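*Asks:* In case you want the letters, here they are:
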Amino acid sequence: MSKPYMGKILMVDLSDQTMTPEAIPDRVYEEYLSGMGLGAYILFNRVPAGADPLGPANILGFCSGFLTGTGSLFSGRWTLVGKSPLTGCWGDANCGGTFSPAIKHSGYDAIFFKGISPHPVYLYIKNGKATLKDAAELWGCDAIETEGLLKQQYGPKAAVAVIGPSGEKLSLISGVCSDRGRIAARSGLGAVMGAKKLKAVVLEGVHRIGASDPAAMKRLSRQCLKWVNFPLPLPGGMMANVGTLLRVSPLVFPQDGLLYTSILRKWGTGGMNQTSIEWGDAPLKNWDGSNCDFPTKKSRTLNPDLIKKTEIVKYHCYSCPLGCGGICTSKGKQAHAHKPEYESILALSGLCMNGDLDSVYYLNDLLNRAGMDTISAGATAAFAIECYEKGILTREDTGGLELTWGNTEAVVALIRKMIKREGIGDLLADGTKAAAKKIGKGSIEFAIQAGGQEPAMHDGRNDPGFNVHYCLEPTPGRHTLGAHLYYEMFQLWKRVKGLPKPSPLYTKGSKYKVNREKAQAAAACSKFMSLANGAGMCMFGLFIGAKRIPTFDWLNAASGWTLTPEEYMTIGERIQTLKQAFNIKHGIEPKDNFISARALGKPPQKEGANKGRFVDIEKLAPDYWDQFGWDKATGKPEEETLRRLNII
Amino acid sequence: MPHTITETCNGCGACARVCPASAITGEKKKLHFIDADLCIDCGACGKTCPQSAVLDAGDASCTMIKRSEWPKPEIIIESCIACGICIDACPVGCLVLSERPRKKGVDAFSYLKNPKTCIGCGFCSRECPVDCIMMRKPEKVVAHEA
Ligand code: SF4
Ligand code: SF4
Ligand code: SF4
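Which chain is which? The protein sequence lines are A and B, in order.
All letters in the first sequence, in the order written, are residues 1 to 648 by my numbering.
All letters in the second sequence, in the order written, are residues 1 to 146 by my numbering.
Take the hints with a grain of salt, since some may be wrong.
[To be verified] If you anchor each label on the Cβ, the simulated ranges turn out as follows: (1) B:Thr4 <-> A:Lys420: 18 to 26 angstroms; (2) B:Asn10 <-> A:Arg219: 23 to 31 angstroms; (3) B:Met1 <-> A:Ala633: 35 to 43 angstroms; (4) B:Thr4 <-> A:Glu638: 54 to 62 angstroms; (5) B:Thr4 <-> A:Arg27: 39 to 47 angstroms; (6) A:Lys151 <-> B:Met64: 46 to 54 angstroms; (7) B:Thr117 <-> A:Asn45: 41 to 49 angstroms; (8) A:Asp305 <-> B:Arg126: 34 to 42 angstroms; (9) A:Arg27 <-> B:Thr117: 14 to 22 angstroms; (10) A:Asp16 <-> B:Asn10: 52 to 60 angstroms; (11) B:Thr117 <-> A:Trp561: 45 to 53 angstroms; (12) B:Arg126 <-> A:Lys420: 30 to 38 angstroms; (13) A:Thr564 <-> B:Lys29: 56 to 64 angstroms; (14) A:Gln223 <-> B:Met135: 23 to 31 angstroms.
Since the hints were made in silico from the structure, they are not lab data.
In this text, all values refer to a predicted model and were calculated from it rather than measured experimentally.
Just so you know, even glycine gets a beta-carbon here, dropped at the ideal spot from N, CA and C.
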C-alpha cells in the first residue's frame, strides 16, 4: 500500500556540514500529519528553551504538506517553520508554487537546518543525494536572479527556495522566496536562513508520491472541481459598490465562500481591493484612517480590472484548479512579474495613503526580489510616515525624505533604503516594534503589531475574529488562521459535530458580543487551519465550504485511515496546542502578544465603516483559551490537556 | 516492486543513461544493477535495453522499442484545468505550463515542450485529475504522404 508520506526527514547541521536522514515513526504522522504539524513536533522537541532565533540552536524547517502529491487539489502548499526572530514565538510562513511536491520528490517529508555555516552555502539534493555547495557567488544576488542562476545550472525542473539580500542582512521582516517571486514571508524566517548562511535549497528529485486509494483521490477531486468554476458576473468597477453595500447594511447574513472563490478565480486576491476599503476591512493610514480618507475616487486606481488588464496568463500553484495568481507585465522593469496580491497592494497603497498603482507594482517586485515581506514593509513605512507627520521623525532622520501621507516617491525611496539597510532604512528594516523601541518618544503607540509582527490588511475592528487570531494565535499577527468571516465560509458545522451554525440573519453589532459560540467558532478555525497547514492545503480552496471540498475524505483516502472529521479536528487541536506549548517553553506570556490598542478600537474611530467599534480581547481571550484546555487566565496549556493530546 | 536487471545484461549502459532517477549503476561491459529505493518504475530502461535484460515491476521481461515509437502524451487543452499535476509528475520535466493563455481569456494550460526528452512513462496521463491526457504512439510520417 502506498503512503502519502516518505517517512523520513533530512537534518542538516550547517556548523559541521553533516547531513543525517532520519526515519520518522508512523505514529508522528498519525498524530500531526506532516507540514506544519511535523515541523512543530521537531522544533518543540529540539529547539532548546530560550534559544536565540538567529543563533545556531534554532532550527529552520521546510515542510511539505501531507496531501501534497496525492491526487488531491488545493494541496500544494509548504510551511516554513522556525523560532521567529520577529516575535520570539513559534514562527511559520506558508507558500504555494511548486516547492511542496519537490520536497517529497527529493525523498523527504521535510528538510531541517540547524547550526550556522562558516561560509555561505546552498543545499542541493538530486535523487536522494544531498550535498552542501559553496554559495559565495550567489550571496548578494536578489531572489529572482539567484533562482535564475541555479536553474541555469540545474535545469528548469529544479525547485528552488532562496533568500534575497534582506534575509542575508538579517532583516527581521524578511522571508524565503520560490518560483520567481512567491514568498513564505511571515514571521521573519528569512533572517533565520540568512543567519545560518544558507542561501538556497535546490531540489531535483523524482521520488514518487503515493496514496492509499488513488482512484478515490481522483473521484473526490472531480467532485470538488464542479464548485471551482462558479462564474461571477460582476465587473471590477462594481466591487466598490459591493463594499459600500456591506458597510451600510445593518443586517448581514453568513457569507458563502463560493462568492470569494469566484472573485479569486476572476481577479485573484486583488479582486477585493476596493470592496475591502469601502467595507472597512482594509486598514488605512496606519490604522488611523477610514474609508472616508480613501474614498472610491481615490481607490479607483486599485480597480481589479486595471490589474487584470496587465495579466498575460493565470498562475496556478501546484495542484490548484483555481489559479488566483497571475503573471503580469507592466511597463518597464516589471516585465513578467507575479501579480501583486491584495495584502501587498493595500499595505503599499491604502496603509500609506498611496494611490499610485504603478508604484505598487514596482515595490511589489522590488520586495519580492529582496525577499522582504510586503505586509510588514508597507506597515513599517506607514508607521514611519505617521512618526514623521507627528514630528517624532525629522527630515534629518529620514535623510531628506518628505515622509508625508500619500507621497509616492518618498514611500518608494524609503522602502529602497529599508532593503539596503541604509540610513533610516536600517532602523526600519526590522519592523515597527523594533524601530519604535529605538526611536522612543512614544512612537510605540503608532507601531501597529501583535507580539512584534505587523498584522495583515484585514481590520479586526471590522471583523473581530481577525483580532482574536492576531492576538491569541501562537503565531501572532497572522491573518490566515481564522476570522468571523472564515468561519462562515469554512462551513465546518456541516461536517463536524457540535459546532455552532451561524444564524441566517444577524445584526453587525452582534459580532462584537462576547459569548461561548464566538470562542467555539474561533477555536474551530484555529484547529482546522492547523490541520490544513499540516495537510498543505490552501485556505482559498477551503473557502468553498467543508461539504464541497472533501478535506477529511482526501486525508482518509490518501492515508488509508478511517478517521472522523472530529478526530481530524483533534489533530489540528494537537498541532495548535504544541505551538502554544513551544511558546510557553520559550518564556512567552501569551498576553504580551495582544495587538496594539488602536487596532482594537481603543480609542474607537470617529468616522467611517468601523466607527465606534471596539473589540474586547481581554474578555474574549479566556473563552478561546478554554476551548483548547489552556489556562483561562494565562493561556498556558494545562498539563491534563498535554496528556490528553499525547504531547507529554 | 521496482524494475530489475537479469544476467543477460551485457553492460552497454543504455539503461543507465535513460534512467531519470539515477537508479542504475554498473561498470561498462559488466552486469548493471537497479537500486530498488530509487527506481520509480517509469519503464524507460526496459524500452531501451537491446538485450531484453530488464524485468518490469511484475517481473515480466521488457522488449526494446525504438525511441521514435515510444508513446507520447496528447493533452486536450480545452479540458485542462492547469493544475500542473502532470508537470510535477513528469520525471524528466518535459511538460510545462504555458506562458501564454489559451485562445480566449487568460487561462493557462499544460503542454509537451520537449517531446524529445519524453520517456513515454505515462505518469502524466495517470495522474491528471480530469483525465485529459492520452498516451499515443507518434503517427508515422508515411501517413502524411497518403
Ligand atoms: S524503471 Fe525507470 S526509474 Fe526504474 S531503473 Fe528503469 S529507468 Fe530507472
Ligand atoms: S509520458 Fe508524460 S510524464 Fe512521462 S516523460 Fe512523457 S511527458 Fe513526462
Ligand atoms: S494534470 Fe491534466 S488538468 Fe492538470 S495541468 Fe496536466 S493536463 Fe491539465
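*Asks:* Hint by hint, which ones does this structure get wrong, listed from lowest number up?
*Replies:* Those not satisfied are hints 1, 2, 3, 5, 6, 9, 10, 11, 12.
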